[in-house]
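Engineer: Add chain B to chain A, keeping to what the hints say.
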Amino acid sequence: MKLKSKKLILSIVVLSILNVWLLYSNYVSKKQINNIISIQNNKPAPYEIETRRWGFEQSGDKPAKIIHPDVDIGEKSLFMAAFFTDNGCSYCVKHEVSLLNELNDKYNGEFKVYLLSQNESFLERLYGAEFDYSTIDPQEKLLNNDFEFRNPVTLLADKNGVVQISHIAEKDNEEKSNQFYKRISSLLLSLKR
Amino acid sequence: MSINKFIIVVITFSILGCSENVEKKNTLPVHKKTLSLKIEPTSLNENVLGIIYLKQMDSLTIASTFQEEHLYWVLEDEKVMANFGNIGKGPKEIAYPIHIYDTFKRNAFLYDSQLLQLSEIDIDKSMKSGKLEIVNQFEFPKELSGARDVFYINDKTITGIYDDNFSKRLNEKRGVFFYYQKSGTYELLELNNIDLDPYEAMPATNINAKMPTLSPDRKRLAIASVHNPILEIVDLERKKVKEFKLEGKEVIENYRLEDFKDGEATQYFTFAYSTVDHIYLLYKGYSENNTEEKPDFIKIYTWDGDPVGKYEIPFGYAISSFYLNEEKGELTGHSLENGKTFNFELR
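In order, the protein sequence lines correspond to chains A and B. Under the numbering used here, think of the first position of the first sequence as 1, with each following residue one higher. Under the numbering used here, think of the first position of the second sequence as 1001, with each following residue one higher.
The reader is advised that the hints may include incorrect statements.
Only pairs whose alpha carbons sit at most 25 Å apart, straight line, appear in this in silico DSS-like list of lysine-lysine [unchecked claim]:
{"hint": "1", "chain 1": "A", "residue 1": "Lys65", "chain 2": "A", "residue 2": "Lys4"}
{"hint": "2", "chain 1": "B", "residue 1": "Lys1131", "chain 2": "B", "residue 2": "Lys1173"}
{"hint": "3", "chain 1": "B", "residue 1": "Lys1219", "chain 2": "B", "residue 2": "Lys1249"}
{"hint": "4", "chain 1": "B", "residue 1": "Lys1219", "chain 2": "B", "residue 2": "Lys1182"}
{"hint": "5", "chain 1": "B", "residue 1": "Lys1310", "chain 2": "B", "residue 2": "Lys1242"}
{"hint": "6", "chain 1": "A", "residue 1": "Lys171", "chain 2": "B", "residue 2": "Lys1038"}
{"hint": "7", "chain 1": "A", "residue 1": "Lys192", "chain 2": "A", "residue 2": "Lys76"}
{"hint": "8", "chain 1": "B", "residue 1": "Lys1173", "chain 2": "B", "residue 2": "Lys1089"}
{"hint": "9", "chain 1": "A", "residue 1": "Lys171", "chain 2": "B", "residue 2": "Lys1142"}
{"hint": "10", "chain 1": "B", "residue 1": "Lys1328", "chain 2": "A", "residue 2": "Lys141"}
{"hint": "11", "chain 1": "A", "residue 1": "Lys30", "chain 2": "A", "residue 2": "Lys76"}
{"hint": "12", "chain 1": "A", "residue 1": "Lys171", "chain 2": "A", "residue 2": "Lys159"}
{"hint": "13", "chain 1": "B", "residue 1": "Lys1182", "chain 2": "A", "residue 2": "Lys141"}
{"hint": "14", "chain 1": "B", "residue 1": "Lys1156", "chain 2": "B", "residue 2": "Lys1245"}
{"hint": "15", "chain 1": "B", "residue 1": "Lys1182", "chain 2": "B", "residue 2": "Lys1033"}
{"hint": "16", "chain 1": "A", "residue 1": "Lys94", "chain 2": "A", "residue 2": "Lys106"}
{"hint": "17", "chain 1": "B", "residue 1": "Lys1079", "chain 2": "A", "residue 2": "Lys171"}
{"hint": "18", "chain 1": "B", "residue 1": "Lys1089", "chain 2": "A", "residue 2": "Lys94"}
{"hint": "19", "chain 1": "B", "residue 1": "Lys1142", "chain 2": "A", "residue 2": "Lys94"}
{"hint": "20", "chain 1": "B", "residue 1": "Lys1131", "chain 2": "B", "residue 2": "Lys1092"}
{"hint": "21", "chain 1": "B", "residue 1": "Lys1294", "chain 2": "B", "residue 2": "Lys1245"}
{"hint": "22", "chain 1": "B", "residue 1": "Lys1156", "chain 2": "B", "residue 2": "Lys1219"}
{"hint": "23", "chain 1": "B", "residue 1": "Lys1142", "chain 2": "B", "residue 2": "Lys1168"}
{"hint": "24", "chain 1": "B", "residue 1": "Lys1328", "chain 2": "A", "residue 2": "Lys112"}
{"hint": "25", "chain 1": "A", "residue 1": "Lys30", "chain 2": "A", "residue 2": "Lys112"}
{"hint": "26", "chain 1": "B", "residue 1": "Lys1294", "chain 2": "A", "residue 2": "Lys65"}
{"hint": "27", "chain 1": "B", "residue 1": "Lys1284", "chain 2": "A", "residue 2": "Lys94"}
{"hint": "28", "chain 1": "A", "residue 1": "Lys141", "chain 2": "B", "residue 2": "Lys1245"}
{"hint": "29", "chain 1": "B", "residue 1": "Lys1182", "chain 2": "B", "residue 2": "Lys1156"}
{"hint": "30", "chain 1": "B", "residue 1": "Lys1142", "chain 2": "B", "residue 2": "Lys1079"}
{"hint": "31", "chain 1": "A", "residue 1": "Lys112", "chain 2": "B", "residue 2": "Lys1131"}
{"hint": "32", "chain 1": "A", "residue 1": "Lys94", "chain 2": "B", "residue 2": "Lys1173"}
{"hint": "33", "chain 1": "B", "residue 1": "Lys1328", "chain 2": "B", "residue 2": "Lys1038"}
Keep in mind that the hints were calculated from the coordinates and are not lab data. Every value quoted in this text rests on a predicted model; they were computed, and no experiment measured them.
The shape of chain B in the complex, shown without the other chains:
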């Protein structure tokens, strides 16, 4: 190799090495057409009271509830199969209701943010015994006190979102962490953060709220911002962030504390769900102090940010979370505000 070629190779590698972990300037295009949904109430709420969150696992639905004696209900085709788990101080009990938002194979994960502990639960065994059958537990160091939305990736890595505005043990920001079980070490990846003026911990936490969804292959984490028109997609293997800005909207870098406290900040993405091919985002586009009867939308994009479809959810349903069967075109949405669950047909 000549000296010139060698220099070119060195320069190329230097440039690549210096590149940031955040790739910007991508755009989420606006959907041209809005489709309507066929909506039907479900019988879920007649069978299970106090639902916080619904999670699909194979053909089953796991409903996390507030019921102290029966926290988790397992349903199939809206019929109750079993319930398990309770509040208590015993070895197979938890201190407060924690919702199941991540499952892997036939196991579910519960993250206790007070103990900084992720418990892996065997669903089949738990259905039989009625107790939380814990098969594995992972404990985080105190530096990850602000960990939330924790996802088990594999036997080497656990990832999730941290908020360090309260614990102030890391960088006082919100970002993604990678925790390595065997070594007990961790790595951080900073996400887009809005700076509040003046700073105050609780509002700073709230304005930077993020809604994550893990891809089914557990290789990518899509993170939608509640108060910023941004979708960040983290490549969990390369540990790189790809940032998408909603077309026609400006990315917010600073916000006045007083305005945020008055509820003036626009709510963009309030929930995210993903399938192998698509990311489903629950979009509001209005502020908390809005008094008009505005609809919500479900915006669908590919993992590369290409628009796929947009559905309108009429005013009043107040859907807070959902899961779907993409093949059948069925979406099940739950409203925390109304305590009701609905089936939506994507037409």
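Looking at chain A on its own, in the form it has when it is part of the complex:
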């Protein structure tokens, strides 16, 4: 009788340990699954999508820096500039120019526009640009990475030229540009106050 009860107690202990181990492994597995789900559901900020998609990062998580010798970053804490090439999607250029014309009416002098081209009249003659812009050497690199853009790009950088926010115009995505320039308009208004 004594022997039987000892065996019974031993069995209960073993089963209990096994149960605890299974509970623990279940907990670990659940945690891993939850982590995966949370990573999938955790969407990055819009500008992070931009940088990932368009390769604005220099390497790893370091942001890109404006290095074009003709771009004057200035001494202000915030530098904002739109960059155009003469071979981007025509519709994108047209829409960005119209948005910049509107922005220029309210915040003339608060941002810069550069055209990477040999053709000085491109934005004014073909797209009706009403803002001042400078033509800069398209053979020089704009950023310290290998990213080559064609469609219009707007960059917000700090006084060191490090890109903090970026926007690239996309074909058939007018709303994206509209939203971006709404944010920019709000930012410039706030800085003006």
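Structural biologist: Structure of chain B alone, referenced to chain A:
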């Protein structure tokens, strides 16, 4: 002058003033006899790869190519003399391959349809430097976004064909434009257009494709339609169009979109070349979806539409463009499809 005579003069001038810019009811007669061509391959393709277009300038041949580092090759008697021009972002570079189809004296013209810019290139200087030596540039206003096949006429006027189906800044048609450099203004002349049912921009552009050739004196522009049996000759000084219809064929005014997309439209004139006296038209006469082995023809007319001769190009050569030495009776044809160039002897 009596009152009656005065009235007659006024009426006459009124009638003349009201007359249209398009003169119709002319016919291109069918050639009675078809001649054969003696065909020989050239060594051009061994010396120059990726040829898009060949243009004669005096004794030289300028071959426009796809080669990014050496876009243009200059040859004499099939021997390479020099090459120049490259793709790039620099001041003496172009963004994409553009073929040279117009030369004037020792200069060639390059039309960039993205920048709406016509560049005049000094061929002799370019041959020496290997770069595009630009001596002049002309920029068009945005309204001429659909400009193509641009020809420099003189220091006052540039002409060409526009297609407004995409840009929709003019009249959504295809026609001829006259751009006046000094004033920066332009005039339009509408050409024959086929209406697509229902309308769609890209097919509407394609069905109204035109093949122009400028007369050597730069006073007339002959424009052959690809999908309509029509040749239009524009008097560039009077700004008037004379329309010739191919005998025995009906002029097409409307076409079904679905049929055009299925490749059912007949291809008539797919290239045009001209000399002082004659217009040379590359004629197919079959549709894009044709599967039979049919020959192409070169039909020759005077500038007044009188038939001069007709030559048969056997099936398989697929010539897309040509130039010729009329005195020697030699024609050099290039096939984009085959990437080959041939010499044809007009017998």
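Engineer: Indicate, hint by hint, whether the structure satisfies it.
Structural biologist: We went through each hint and held it up to the structure:
For a cut-off of 25 Å, the pair hint linking A:Lys65 to A:Lys4 is broken: about 78 Å separates their Cα positions. Proximity of B:Lys1131 to B:Lys1173 is assessed by CA-CA distance (about 37 Å); at most 25 Å being required, the pair is judged violated. The straight-line distance between the Cα atoms of B:Lys1219 and B:Lys1249 is roughly 28 Å, outside the 25 Å bound, and the hint therefore fails. Restraint check for B:Lys1219 and B:Lys1182: the C-alpha separation of about 20 Å stays at or below 25 Å, so the hint holds.
Our distance criterion of 25 Å between C-alpha atoms is met by B:Lys1310 and B:Lys1242, whose separation comes to about 22 Å. Proposed proximity of A:Lys171 and B:Lys1038 is contradicted: the alpha carbons are some 52 Å apart, above 25 Å. Using a Cα cut-off of 25 Å, the hinted pair A:Lys192 and A:Lys76 holds, with the two alpha carbons roughly 13 Å apart. For the suggested pair B:Lys1173 and B:Lys1089, the alpha carbons sit about 33 Å apart, so the restraint of at most 25 Å is broken.
For the given pair, A:Lys171 sits about 20 Å from B:Lys1142 by alpha-carbon distance, which is consistent with the 25 Å threshold. For the proposed pair B:Lys1328 and A:Lys141, the alpha carbon gap of about 53 Å is over 25 Å, so the pair is violated. As the CA atoms of A:Lys30 and A:Lys76 are separated by approximately 50 Å, the hinted pair breaks the 25 Å bound. With a C-alpha separation of about 31 Å, the suggested pair A:Lys171 and A:Lys159 falls outside the 25 Å cut-off, and the hint is violated.
Of the pairs offered as hints, the one joining B:Lys1182 and A:Lys141 is violated, with about 37 Å between alpha carbons and a cut-off of 25 Å exceeded. Of the pairs offered as hints, the one joining B:Lys1156 and B:Lys1245 is violated, with about 32 Å between alpha carbons and a cut-off of 25 Å exceeded. Of the pairs offered as hints, the one joining B:Lys1182 and B:Lys1033 is violated, with about 49 Å between alpha carbons and a cut-off of 25 Å exceeded. Restraint check: the Cα-Cα separation between A:Lys94 and A:Lys106 comes to about 19 Å, which is no more than 25 Å; the hinted pair holds.
The hinted pair formed by B:Lys1079 and A:Lys171 fails the criterion: a straight-line CA distance of about 46 Å is larger than 25 Å. At most 25 Å may separate the alpha-carbon atoms for a hinted pair to count; B:Lys1089 and A:Lys94 meet this at roughly 22 Å. The suggested pairing of B:Lys1142 with A:Lys94 holds, with an alpha-carbon distance near 11 Å, which does not exceed 25 Å. Between B:Lys1131 and B:Lys1092 the alpha-carbon distance is near 6 Å, which keeps this suggested pair within the 25 Å criterion.
Taken as a hint, the B:Lys1294 and B:Lys1245 pair is honoured in the structure, with Cα atoms around 23 Å apart against an allowance of 25 Å. A C-alpha spacing of about 13 Å is found between B:Lys1156 and B:Lys1219, which places the hinted pair at or below 25 Å, so the restraint holds. Taking the CA atoms of B:Lys1142 and B:Lys1168, the gap is near 11 Å; set against the 25 Å cutoff, the hint holds. For the suggested pair B:Lys1328 and A:Lys112, the alpha carbons sit about 61 Å apart, so the restraint of at most 25 Å is broken.
Proposed proximity of A:Lys30 and A:Lys112 is contradicted: the alpha carbons are some 52 Å apart, above 25 Å. Straight-line distance between C-alpha atoms of B:Lys1294 and A:Lys65 comes to about 61 Å, which puts the hinted pair past the 25 Å bound. Restraint check for B:Lys1284 and A:Lys94: not satisfied, since their Cα atoms lie roughly 40 Å apart, outside the 25 Å limit. For the suggested pair A:Lys141 and B:Lys1245, the alpha carbons sit about 56 Å apart, so the restraint of at most 25 Å is broken.
A C-alpha spacing of about 7 Å is found between B:Lys1182 and B:Lys1156, which places the hinted pair at or below 25 Å, so the restraint holds. Taking the CA atoms of B:Lys1142 and B:Lys1079, the gap is about 41 Å. The hint is violated against a cut of 25 Å. Between A:Lys112 and B:Lys1131 the CA atoms are separated by roughly 33 Å; this puts the pair beyond 25 Å, and the hint is violated. Annotation: proposed proximity of A:Lys94 to B:Lys1173 holds, straight-line Cα distance about 22 Å (limit 25 Å).
Proximity of B:Lys1328 to B:Lys1038 is assessed by CA-CA distance (about 13 Å); at most 25 Å being required, the pair is judged to hold.
Hints 1, 2, 3, 6, 8, 10, 11, 12, 13, 14, 15, 17, 24, 25, 26, 27, 28, 30, 31, counting from the list given before, are not met by this structure.
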